[in-house]
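Student: Both chains are sitting in their own frames, so use the hints and assemble them into the complex.
If you read the protein sequences in the order shown, they are chains X and R.
Just so we're aligned, residue 2 is where the first sequence starts under the working numbering, counting upward by one.
Just so we're aligned, residue 2 is where the second sequence starts under the working numbering, counting upward by one.
Everything labelled a hint here was simulated from the structure, so no lab data went into it.
Mixed in with the good hints, there may be bad ones.
[Stated by the list, open to error] Over the 10 Å line for every Cβ pair with chain X, so calculated as not near, a few chain R residues:
#  : residue
1  : Lys131
2  : Arg160
3  : His224
4  : Lys261
5  : Glu277
6  : Asp305
7  : Asp499
8  : Thr511
9  : Val564
10 : Lys638
11 : Gly659
12 : Ser699
[Unchecked claim] Partial list, computed: chain X residues near chain R (C-beta under 7 Å):
#  : residue
13 : Gly148
14 : Glu178
15 : Val227
16 : His231
17 : Ser374
[What the hints assert, rightly or not] Covered by chain R, per the in silico footprint, the following chain X stretches (three or more residues, Cβ under 8 Å):
#  : region
18 : 107 to 117
19 : 252 to 261
Given the structure is predicted, the values throughout are model-derived calculations rather than measurements.
Don't be surprised by glycine CBs; every beta carbon is placed ideally from N, CA and C.
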Amino acid sequence: MSDAIRFLLDGRMERLSGFDPTLTLLEWLRGPAGRMGTKEGCAEGDCGACTVLVGELEGEGVLWRAVNACIYFLPMLDGKALMTVESLGGEHPVQRDMVELHGSQCGFCTPGIVMSLAGRAMGAAGTQEADPRDVLAGNLCRCTGYGPILEAARRNPQKPAADPELVAQLRELRRKERLTLAWTDPATGVARRWIKPHDVADLARARLESPEARIVAGATDVGLWVTKRHRVLPEILHIGDLMREIEETPEGLKLGAGVRYAEAHAPMKRIHADLGELVRRIGATQVRNSGAVGANIANGSPIGDTPPALIALDAVLTLRRGDERRSLPLESYFLEYGKQDIRSGEFVESVFIPRPAPEDFIRIVKLTKRFDSDISAVCMGLRLRMEGERVASARLAFGGMAGTPKRAAAAEAALTGKPLSQDSLEAAAQALAQDFAPLTDMRGSSAYRLEAAGNLLRRFWFERAGAGGVLPQKPLMEGAFHG
Amino acid sequence: MADSAPVSPPASSTRVNAPIPHESAKLHVSGRALYADDVAEPRNLLHLAFGKSTLAHAKIKSVDLSAVRAAPGVVGVYTAADIPGANNVAPFAGDDRILAEDEVIFLGQPIFLVAAESATAARKAALLGKIEYEPLPAYVTIAEARAAGSFIEASQIMRRGDVSRLESAPRRVSGRFEMGGQDHFYLEGQIAVATPMEQGGMHILSSTQHPSEVQHLVAHALHVNSADVVIELRRMGGGFGGKETQPALFAAAAALVAAKTGRPAKYRADRDEDMEITGKRHEFEIAYEAGVDETGRLLALKMDLASRCGCSTDLSPAINDRALFHADNCYFLENVELISHRFKTHTVSNTAFRGFGGPQGMLAIERVMDDIALHLGLDPLAVRKANFYGPPGSGRDVTQYQMPVTDFVADRIVEDLRRRADYESRRAAVEVFNREHPYLKRGISLTPVKFGISFTTTHLNQAGALVHVYADGSVHLNHGGTEMGQGLNTKVAQITADVFGLGLESIRVTSTRTDKVPNTSATAASSGADMNGWAAWNGAETIRLRLAEVMAKKAGVPPEEAVFEGGRVRAGDLDLPFPELCRLAYLARTQLSAAGFYATPKIHYDRATHSGRPFLYFCYGAAVSEVVLDTFTGEFKTLRTDLIHDVGRSLNPAIDLGQVEGAFVQGVGWLTIEELVYDAKGRLTTHAPSTYKIPCASDRPEILNMELWRGGENREPTIHRSKAVGEPPFMLGISVFSALTHAVASATGAACATLEAPATPERILKALAAGRGEAGPREGA
Ligand SMILES: Cc1cc2nc3c(=O)[nH]c(=O)nc-3n(C[C@H](O)[C@H](O)[C@H](O)COP(=O)(O)OP(=O)(O)OC[C@H]3O[C@@H](n4cnc5c(N)ncnc54)[C@H](O)[C@@H]3O)c2cc1C
Ligand code: FES
Ligand code: FES
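For reference, chain R alone in the conformation it holds in the complex (with noise of 0.2 Å):
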């Protein structure tokens, strides 16, 4: 079968729907597309580069820095003592330092910063600082910190019904597994440029999901007012979560020599940096019991769910809480506890990252499916389905959470998707290879996906945008999302030309800039397109309605006969270009500027019970992998992928494809090569690419068929009835994992999944051992 490129749905002829390739693609190939390094530098700006520590817990007895001082372009050296406001740049607890005070909490914390000529130069002093400490126990793993009894607050516990029912139950499923962190590595390193204005003013240029808080964090720390400071982002390259709390500490940074020097000031990380001194996705340990009838069906499911949250507070109560929201994924918990250990190391804080805690849920749950499934000797796609969700008012339809379950079509894509990949007879195939081959094994999994839609902290679901049209019928957009490649500008663009009839080439979408749009939530959760697109939406609208009044007036008909198409407006028996009409606006002193305002309906959730609707609405989507492994080395391939995912009615199918594919083909790096190595002294060893891995184009499955599902459509009247689409198929990559665990043990013939991830060949081959183990020696290879 030849290898599938991306298919694209036949274009509808409407704007929206329409695959539109991305409003920066012709920039982006002739290498014209600005980001944050690439703005002309002013001649006087000064370069950044923070002194760090080398201990991963100590006080800090004294610190030195005549060498820093002395070294050859070096303009001013700076710590705590110099920032005049909050020493702080955490997202809400307070307690992440732009530099160390007398603690350092994590190896590689900046404890100073220089501002040199050069990047080099500042880079090369910073290595001069000369700092005593005094050692402090260091827990680097969960192990320690559990030993410890150190959390960044308390466990939480999610549960409902009676999970005493386990004891009652005719079989007993428990086990236990690790999975492994994950960098973001977005291919543009973090970075930030803060120009000083006049009178105390600063404005930045920042690689960030998050400007608002980049905003507020700069100001506290200058002690300025927010209305102070600027942040401006036109793109980044490439965000992930990585972005979203991340930037704030190298924006200080700039904005903080800015201040003192009165000159501009760029903190460009270099790759190294980058990894090391930036938080990551939380590693987490599982361990479970499950209580299930013969068919695999769970009576009652006890899950521990302890995660690495590194040496401080950061976005972990609500990355952990998602954790929690999605250990049911597409399944019926009902009888289930729920703990959730949030684990304080001596780690990088870690962070937001594609899923937020969503998939190391959801992985834990599909480990309990294929657990179960080699217990008792089923298809791990029977015992899925027994798992399900139920219809509406079948009682099996509300989550661990108390939220009615109203969209549920996982059960219809799984079947979709069951038939159009063959996976039965396929399944038999690999079983056939198995017995046959001496050392290489298959494995073929089907793992579905089901993810919620909403930042689970209520307040955080608002947007806002401006619009403004011009007398020549040109359209200025600009909203608070923010541009990482996802293609938000491209869609938001699509729902503003829709609005008014237009070609998106009237279109002028601009950079985010909190001086537009002010308090805007963080563009994650993959929420952007969801509430950017509405609060444009309602923007434009209210100036086409003014338009409208203008048109009806001149054509004498009412307003609501004014029609918006192919560029023109009619009404009545007037026909008009739209410029036009924007020139008759003007002069008729219409307001043709607005403001767009959007807040998502519907949701609650009382932290204290763990009860709610924390989301507006569930995407899902099933992947089915076929992998092969070579059992001596643990090497592995995946031979081919076919999934289906549903975003409501794509707003630009090709963009979305583009993030199934490319969400997809992340999450399997999670999974299987990409392995975040620390030291026992908290060192992370693996920090650039030559020893982190991620994906590179000849680990794209042999064979991918993708496609948006075609009964797509949003129960809830998101705009347009599309769905959100930047995460959740990161979870298809699971599927993956569940086929290299069906391969282990189809190799060792254990009645028990021993895979642990990321599944490199180490791990792999850790995993048969263990399988051989439980299966008692094993005869031949």
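This is chain X alone, in the form it adopts within the complex (with noise of 0.2 Å):
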């Protein structure tokens, strides 16, 4: 049993305890560490003044990752390294050519806007092969316009450096044993607790004896929770470490429930490009580098994204308790809104999503008002089992039409058995009226989501492959939208 968090600041060892362990680490930078440099924009993960980049033992190297502080509980660093922008000193390459090509002009996102694109120097996660409008969608800017900012990641090409002294002192920090943290809040006296099991053994157990315990992953849904809503958690399971396993194999891709987007990105595109187009666009870098596949699972909220997607693919989910395990197709998870079928001491341990064979049609659409780094108005999941001309089935499933990420029955039986035609598709789009009621927000209105619902179906016809000879698979919309 341990009481103190331990992580690397430029090297050199911090270790902290009695400290309330869902304070985030832009207030304890912002506070106790008097590390000014990191803003705060939003609190939620959205706006990226709040960069800072926190590395892991990675194979035989450190892997950097740009990070949202301001969502990041300050226990997630236990055995990890941060770097701020005050780490960069203000000689850095990037900080050079930020101030050369006036990159800056009010300031404030500036800090954050040089750890990203100091992480994309440095080959940090996500920015490898990635646009440099992709690595820093997750940084707004008010005041440029973003060109100088693009250009400044240009000029900086992407050099890792191998860190072995870094190397050496993380495999320190590793830990052979749970960490528990344990903290009252003077004003209240309530106690809370911070649970960081070792293994997934360790994780199965802990689950058993704390089944109250709020399990954390990377924080980007919890992390709102707190500094939003100023819900006080009082016990925290933490597995943003454990359960990273990725198994590809020819039948699928196994996800461990913690691998975080950034990682799931490249075999989930290897499953289709349209899948590892969905994830790239799910929040911007920063929130794929913490936010985990299975927590946007297991969260059952009716518009995240991977689950629309993962439905129609067929996906199975795999549930622990103890050493028991139960696997159930993704879509019977999600019960109502609001419940999943979970049992008490029970967690999400992974998703595997079965290959699709060669002849299916597949299309998974994300519909948002910016195109990058939006929450889902609609989002549509779709495969065609195809024999021949006939859609031998179908399984077409949306987010953001339901309480609960859902497929279209409805839709379904319209295409089903029928040969794919215009006429299938826009019967399948009518049907969609009797699949869903959807609800107006600000995302959208009903009759919005379930029209353009029904045209992502219309469209379609146009896009899949061969369609009259008209048109490739991927229209102009590849290069009209995706750069």
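Tutor: Following this line, the structure appears as structure tokens:
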């Protein structure tokens, strides 16, 4: 049993204990650490003003990731290395280029942008082979219009540097035992605990011991409960560094529940290009570096992006309780709004995505107001298993259309057994009105959601491979929207 | 074509006109630039939060704050009754309360104020107030206010000529449309830190564009003199107009607690609160009726501009006036009647935002141009050109408010741009693409900008500066303007350095403080560099002349012969380093400190008749944008924008290009993805970046070619013949909306414009449906 977290800040070890375990990294930096360079612009992971780099052991090296300090709980740093804008000094090449290219105006977004750029220059997670606009989609700047910042990114080559000393230091910080932080709020007398199991078996035990504890993976949801809704979480079970296995086989892809979007992106893209593009459009780099696919499923949100796609692909979820496991089709995990098929003491362990058959037609589409880094108004997953020109079976699921991610039974029926045609897609589009009565909210009206969802099916006629020989499978959309 | 990075025109050798980096750039990139929240906190600092109304309009029946007082960490709870002076933070009308008294007039209005040992404790406690309300009818939308006859002031009419010419016009075009508001979304939220000083004095760090107004309002609230209150501001993390009148609320709250408790107090609004309780750009509803000839030239125009002002007056009268001043944009409106309704609603009071009503007026007339072109089947650019102002003396050279347009260059800029961007052949290619593609449609449009510079309230056009030269030759520069990222301090430092022939490193730019330069105007209306630049120049020049006297005496030549250059001063045979001259001047008991002042000449305006010369000059620009939209989903992308903008003789081309690009992107955001959604009860449901989407890096056009106009020079004697730059390029964003209008019309075949702003995917689908309705049933997709 230990009672202090340990992490490296600019190569120096910090040992911290006796603090509120839901203190955010940003609060710590701007408070006790006195590092005022990291800014708060939103406290919800959307603006990037608080971007810092967190380094973790990865194979023989250190992988740095840009994360949002505003929704990163301080204990999540345990065993890791941290860099803030102060760590760069002031003469880092990206800093010099930002000055030279006039990349700052008011300067408030700038430290976060500099950290994203520095991360990119170091080959941080999610930046290699990524378009600079994608690397920066999570850094809002209200002043510049981004031109000089993108130019600063392009000017700096990506050169991951080996740092054997840091590797050695991080190895020292590895835990072989569970970490438990205890703290009592002096103002309210409420006791709080942060539990970090050291492996999955330990997690399974801890989950049984404390079934009421709130599981936290990347905290890109849970962090907001604290910063935005001021919720008090008495007990937290942090699984962020566990269940990170990725297994790719000819049958499909198995993702441990802790695999983050950033790591899941490439293998999911190999399942289908659309799935890769969907993951690329979840949040932005910082969110994808923290958030876990398993958590995106586990949280049961009706607007989570992966569930509709994975339901369409017939994914299977595995839950674990102690040493017992049970598997269920992903769609049956979502019972109703706010309610999932998860029992006391259980946790999501992995999700398996079967590899599509070569003759399947697959389309996964996300509709948002802003193309990048926005939550879906509507998200569609479609898999048509074809027998020649006939649709043998259809799996069509939507997010944003109901209280849960949900299959469109009537629309599926309109397609199944029919030849794929403009008429059958039109019938399916119209059948959506039987399947869904979507909500109106700030992301879209009920009518828009229904019309747009239907239009995705209508558009599919033009998009699918070889349609009348008019268009390639990825029509001009690719050039038009995906840069 | 490769994406073009902003290119800087060749650096000139002088300090002014050179693309020098922002004075704080190195601090920005290293995280060492201090904003109000970064200044070391005193140990006994209190943190504040408002308890806020949950209804848009109601009588307050009772307020029970016992649970708030009992909450952990709470030190004090205050209501309107605790304010020693005026319970007011309005810029002039006296109708903005600090804390509500017996009525609330918008959802989110502060009712009580909590001071606690931590921000979290204050925010949590603020949720515990028990308020009993008696609901009153709430008008949320313009339509509701219109139906109820709820106005902030009398409707204004600006007219000229004979609008009855409409009746006889060969072609008539009429329409109506809405445009949404916009949140400033400065990255640094509202903040104030008040520290009590001895003898009832108060020092406040405030993130404000208008330190003097904050000073005066705080003094009134505390019932002390203005001289007892000092406002200080080193830099803001963005302002855009949102920190012109809005910061006074937070400063007054902090000052109230500091005065009551004797402890320093900080109010830092979090993002949601900032968006919920501070004003925004005005939404407008436009209705128009135009009479035109066969070439699309306007013979007469009647236009209604109705705006949502929110729950109080704030700056809405001037903002709506500016909409009228810009409802001509670049076009001569011979016979015109503009009617402006300023509706009072039970929503947060709308306020200044880059362009200050100008963008709304300009979008209205640009929409009229597009609609005329669609009705007549003409190229919209031809219609625009047919309506341009003519040369002086042409009879088509006076605005609808009787100001002669003597510096019109939009025609020349448009011509340059048209050629450079290949407008005609690209428009033809767009038509071909649209015929061939089953569901993607492109659109292209070229729109011009003419924007008037000066505060339309004449007395605001004054500025002051304070310059000290120390005996070691270093220069301390202070002026009444505020730095919000626009590079004002850099430009004023360049101007000052130039006077003394010094490098920028010798100039120390300092915080704006009301105890150094008094009675300043807001840094707004794009006038910051024009006015403070001249004021600083005047101050510096006074000192330079004194130094020249000293030099001349030593060298035995007339003072005019003293040359300040390269850090040295030469006169006759004498050649001294600048610091050496300063030391000599000091020993000779010369005053090396001077205040500078500037009042904009020539301007006057009579609001009763809506006529005069409200502006010293106009800024011009034009942009051509090409978009592609998906008619199934309503998604769109800007493929390419080319723009040329006139900044006169640029004081700093790098900073000016930065302003142009940032303003353009912000303008596109306003008209496309930035959507403020209020529910029927008046609650803003888009109050954070998770739901309110400003442009991110990938929203920048795929190709963006920008140029400062080479022919630019100010005809008026502005500082170094430069032109203001903050606001005008914002309206270049209209080109994207206009291109979308083209794409939508091309998809539906409708002979009218149907798109409303912001053009979210949902509104684009709506516009397509409306267009199809107009055009009759459509074949295919
Ligand atoms: C700026 C921003 C942008 C976002 N954009 C998107 C987007 O585009 N699309 C989208 O879908 N989502 C988006 N999200 C939401 C969020 O990123 C996802 O829901 C994410 O998957 C959550 O992962 P996490 O690891 O951070 O979860 P956490 O916040 O750690 O946990 C989320 C929930 O899942 C539970 N949980 C986590 N793991 C398990 C487990 N193994 N077993 C049982 N329960 C578990 C937790 O108890 C909690 O209730 C965004 C969030 C932010 C802040
Ligand atoms: S403060 Fe905006 S992302 Fe963290
Ligand atoms: S420089 Fe102001 S927000 Fe980016």
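Student: Which of the numbered hints above does this structure break?
Tutor: 10, 11, 12, 14, 15 and 19
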